[in-house]
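Chemist: One-letter residues, chain by chain:
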Amino acid sequence: MTEPNQGDGILAQGLAAPKKISRRQMLMTLGIALNAVAGVLFAVPVIGYIFGPAKRKEMKKEQAWITLGTLAQFPEGETRLATYRNPFVRPWDGDTGNIPCWVRRISADKVQVFAINCTHLGCPVRWFPQSGLFMCPCHGGAYYADGARASGPPPRGLFEYEYKIKEGQLWINAGHVPTLAQPPSQACADQSKRFACV
Amino acid sequence: MRLIRNLAAWFDHRLKLGQTIKETMAHPVPRSTASWAYVFGSASLTVMMLQFVTGICLAFVYVPTADQAWTSLQVLNHQQAFGWFIRALHGWGSNFMVALVVIHLIQVFLFGAYKYPRELTWIVGVFLLLMTLGMAFTGQVLRFDQDAYWGLGIGASITGRMPLIGTPLVRLMLGGPIIAGETLSRFTAIHVFIIPGMLIAFVGVHLLMVLKLGVNEWPMPGRIVKRETYLKEYHDLTHKDGVPFVPDAFRKDLVFSGLIILALVACAAIFGPFGPKGQPDPTVVQAVPRPDYFFLWAFAALALLPPQMETFLLIVGPVIAIGFLIAMPLIFGTGEKSWRRRPVAVLSVLLIVTSLAAFTELGTYAPWSPVMDAWSSVPIPPKLLAGRTALERQGALVFQSKQCLNCHALGGAGGQRGPALDAVATRLTGDQLIRQVLQGRGNMPAYGNNLSPAETTALVAFLESLHPPGQKPAQDASLVSAVPTSHNTADTAEH
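If you read the sequences in order, they're chains A and B.
Read in order, the letters of the first sequence correspond to residues 7 to 204 in the numbering used here.
Read in order, the letters of the second sequence correspond to residues 651 to 1145 in the numbering used here.
If we strip away everything but chain A, and leave its shape as in the complex, we get (with noise of 0.2 Å):
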């Protein structure tokens, strides 16, 4: 008869233990938490830091209507390239902050401004007035004058941004690299069944 006594023993033991706290042990379990409070407090500021770029708040910030000047530089019936400083900069961007984009105009009020970047990856593709066709130095996409995808890997027709028209002027609503996740605001709606858009 000696094991239920045993179990009885442990059993005792166990009920006993938590009265029996040294204080070393309570440096040590104090000790673990203080640090796991400072490294949560720690950690927090940090991660927000690196994935600040991400959040959806700034995301939605960061679109804004930017003018490429008059429309009298762009003759109708032809596509010419325009840059724009992206508005939302550093000091030390240089060059790096000035955007391309192909502008198009169809009549007096009609014009399309097409990305620079092919929907494929990104490249910039080139006009050729002769030919008609927009064409990708990387993996030989090609697209209409209307900016519809002609042949090659694209998967859509070129990214457009959203367009108006103020007192002569040109003004475009743009801020980020185009993808096919995010495209420039005005596709954003025919594309939102197969991508998120922000």
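No lab work stands behind these hints: they were computed from the structure.
For each residue, glycine too, the CB sits at the ideal point set by N, CA and C.
Errors might be hidden in some of the hints.
[Unchecked claim] In silico contact screen, one side only, chain A against chain B (beta carbon under 10 Å); selected entries:
#1 Asp101
#2 Trp133
#3 Thr185
Given the structure of chain A, go ahead and fit chain B onto it with the hints provided.
Modeler: Using the frame of chain A, we list chain B on its own:
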């Protein structure tokens, strides 16, 4: 001499490292591993150390800001004493390191060295491979030129294809809404601090495991790895027939590393530094972005993948590939080690290496890309114009000015996006040519909106004249009678 010995003794009395170093150096390894096949890991390590040295040197001068990085590279190339050479060493070093790490991986795979008990050594090695490639990509970005800028654009586009989290991930990668200053700062932090720190830690673990578990013995056909017996077999191998790592096995490592450093120095001195190419100014749209050679295969694959499965392969492909590399030693952890008894392993290596080599080769001349300036720089060969009618020559003019040469070659010059047209008339009839030009098909855009009827007539007349002498042009079978008409025989006799 005595002084040095005393000094060494003084230090060792305090550091207590001498015994450990001695034991590590003299630890027995199987006699068969003192082989030239086992030198690639140590050579990778050597090149990595050199990369640390040259990388730190570059950091003395390089300015990691978007507006000054390119200029500081020019200063390094042209003004800083030996700046060009340090850049060349670092650039060639990265090429060497990628190559050596890949060769090391193939050797280890073929020798079955990933099997029990070295599974974790392999897995850590897979991470080291990924870090090496990560260093190569981020390093390419730090050489902040046109290629770097548009390379980042490609990275952002691939990331942007990720469903749901695409946009936040793009922002995280770029550090902001566009490719600019903060992008370069991020990549600098990753290239200079994060990955090298991880590399040091992982290389440390990798080496520690090689020491603790021993160098993989030369595999013999029929010597099966079993969990129950392997450790004892290996112990016998090293202790009954082993040699001390230093000097017996180390000699070859030493010689090979020396040769690699010499080759590296020679490449750097002879071929010089890589770039930088044009300034990272996105408004200069006359860019033809190309990746460094170790990513050319991916560049080629991205052009040749079927578009409808591209997003899936871009996102799921790497996960499967890396997942398989990591899981492989856990699945095939025992059994035959020798490549002589592992035909699937050997064939897999051959298939992957051949594919990567073929893609890389294609990537060097990118036949899928239009040659952007061919229409204005490549003339139509005169022999294709001699003896042609006025209409056909007018068609040649249309061919030239409508930039057909950007995608189609004549006389071996021009683009390779579409087929060469030297003998197009033998493949397509006049009617088919008109349809192809106006409506486009397959990879060819439609030119219907961009050609007047007169231009189309002339162009097709020229294309119809493109058939080698002695070869009949294509004919519409439904319009040709079984018995040769006088017109047909005359046509044949003419050539």
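Chemist: Now tell me, hint by hint, if it's right for this structure.
Modeler: Each hint tested on the structure:
no.: 1; hint: Asp101; verdict: holds, 4 Å
no.: 2; hint: Trp133; verdict: holds, 9 Å
no.: 3; hint: Thr185; verdict: holds, 3 Å
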